[in-house]
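> If you want the building blocks of each chain, they are given just below.
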Amino acid sequence: MTETSYEPPKPGDEYARFLRDMGDQLEQAEHRRASQTRGRRRIAAGVLALGVVVAGAVLLVGGGGGRVDVIAQAEAALAPPGQVLRIATLSHLEMRGGTHPEVTGSEAESLGWNKPRTAEEWSASGPTRWRIATTIPTSTRAGSVTAAPIQCAYSNGSEETYNQAFLTNELVVVPVTKGQDETSEESSCTAQVSGGLGTDPVTHIGSMLASGQLHLIGKGTVNGREVLRLTGSEPRPRPTSVSSGAAYPVEYDVEPETYAPVRVTVEKVGVDALGNAGTLTEITDVTAYERLPLNETTAGLLRIETTGHPLIRHQLNQYEQRLRGAGAASGEIASRAAKVARSAAHR
Amino acid sequence: MFDKGPDVKALYSDHGDELLRFLVRRTGDTEIAADLWGETFAQALGSRGRFRGSDEQEVAWLYTIARRQLARYYRRGEAECRAMQRLGMERPAISAETEAQIVQRAGLDEMRDAIAAGVAMLSDDAREAITLRIVDELSYSDLASRLAISEQAARLRVSRGMRTLARVLDVQTLKEAREG
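Read top to bottom, the protein sequences are chains A and B.
Count the first sequence with the working numbering and you get residues 35 to 381, in order.
Count the second sequence with the working numbering and you get residues 85 to 264, in order.
To be clear, the hints were calculated from the coordinates, so they are not data collected in a lab.
Cβ coordinates follow ideal geometry from the N, Cα and C atoms, glycine included.
A few of these clues could be false.
One-sided excerpt, in silico: chain B residues whose CB lies under 7 Å from chain A [what the hints assert, rightly or not]:
hint, residue
1, Lys-93
2, Tyr-96
3, Asp-98
4, Phe-125
5, Gly-172
6, Met-173
7, Pro-176
8, Ser-179
9, Gln-185
10, Val-187
Across the chosen pairs, the derived CB separations fall in these ranges [unchecked claim]:
hint, chain 1, residue 1, chain 2, residue 2, range
11, A, Pro-290, B, Val-143, 44 to 52 Å
12, B, Val-143, A, Glu-330, 37 to 45 Å
13, A, Gly-57, B, Leu-231, 48 to 56 Å
14, A, Pro-290, B, Ser-138, 44 to 52 Å
Chain A with its partners taken away, still in its complex shape (with noise of 0.2 Å):
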């Protein structure tokens, strides 16, 4: 079972077109990306030029569109050393533009999105550590559906997820490149369980604003708090079990000062309405956004807890992972590889 001996494609060949192609893609990328952060780096020197005239928040209002000072803000939204910030979100779904804007139905029922759903959020940086909890539907084995707790957390290089949702509790470790996918936007867990967010939100709103992926279309006020509506669109690959992956129109409501976010809206554009001729719409409104000092009591909020049934702890390590695929290669039980790696690794 060795691996083939290496040759270099031979210039005119599928494969080496293939290979060509995606050089391209990635250098087109590159120079897209280059542009975009020239741009960036254009608007930041105005907002430092306009921030000496202004004092304060800058916001240049017109044409429906504007351009904010986002750094300043973001980095004055941010939980700086020393304290925790604490999100709380209430998220549901509805179809805008149907026949009803309830979602319902058996599927509906079945998928979990005819419920509510809560979820909180803490983190807390140098170094990055966060937690989520909150709730995903599950299948019980009676068929019904039901709000299973889950938890995620990232603390020192590695991310968790503790899902209550069975009899035995389980705590999967997968290891986090530093730096890289430390964040909870990142996180494949939460985002398929929080209502997209992200442990740093003014931080994502700003990049967005900076790179003219949102824009502000003017004042409005959401459960009785005033707010900036922010438009645009967005990739949503990985929000619960809705999404394709498209990128769809996103609505960020903001706190006029602190760009925090009030409520988050996306339109899942496409995505099959169970029947119904509206838009599948979540909508995730903010009911906590605070900081907390950092002290031993906050810093257990950092850390999942278990409790009651057993734990198992699974290790993502790199044999499990080489198992894995070469149970994928399988042609007998390729589709079933995960399953059968996990359980060798285990033994």
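Put chain B on the given structure of chain A with help from the hints.
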């Protein structure tokens, strides 16, 4: 150059082919491997400004990203394309001829044969139990009913078979490590 960090294009030129074979051998699926491959380079492009290693560590850094993608794929059952979308990248389609070349270059057929041989090495009982459990996704209670044995015996049978397979696969891991 618009920001600091590794020259991802150069990494692609030097290691793109090799990394694709690496991913094909670990997924057994050229389409998924190509998605993970494209996403790896897109993530490398997007995060290279945060790279703090030396020149010698650039390749290891690239493979770390790839392994991370693999881990996510194993966990979630699908490849992620978030970074590619963010950068407006579209992974080239794989023609039938290209796929055949990728399979040949990755030695996928030989690898499949070896694993099939590993499965064939199992006892009839273990092979049947593993097939029912892994391929047909039977629960242990259903598996026990099908084989007319206790649930505990069913678990034991699958467990023993998986240990045998694990040893076969581990030999391959060691072999690759030596050759690498």
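> Now look at each hint and say whether the structure bears it out.
For each hint, the structure was consulted:
1. Lys-93: Hint holds; Lys-93 of chain B Cβ to chain A Cβ min 6 Å, cut 7 Å.
2. Tyr-96: holds, 6 Å
3. Asp-98: violated, 11 Å
4. Phe-125: At about 6 Å, which falls below the 7 Å cut-off, the nearest Cβ of chain A leaves the hint on Phe-125 of chain B intact, so it holds.
5. Gly-172: Check passed: Cβ of Gly-172 of chain B comes within 6 Å of chain A, closer than 7 Å.
6. Met-173: Holds: closest Cβ of chain A sits about 5 Å from Met-173 of chain B, inside 7 Å.
7. Pro-176: holds, 4 Å
8. Ser-179: holds, 6 Å
9. Gln-185: holds, 4 Å
10. Val-187: violated, 10 Å
11. A:Pro-290 with B:Val-143: 44 to 52 Å: The hinted range 44 to 52 Å holds for Pro-290 of chain A and Val-143 of chain B, with Cβ atoms some 47 Å apart.
12. B:Val-143 with A:Glu-330: 37 to 45 Å: holds, 42 Å
13. A:Gly-57 with B:Leu-231: 48 to 56 Å: Distance hint for Gly-57 of chain A, Leu-231 of chain B holds at roughly 52 Å.
14. A:Pro-290 with B:Ser-138: 44 to 52 Å: holds, 46 Å
Violated hints for the displayed structure, listed by number in ascending order: 3, 10.
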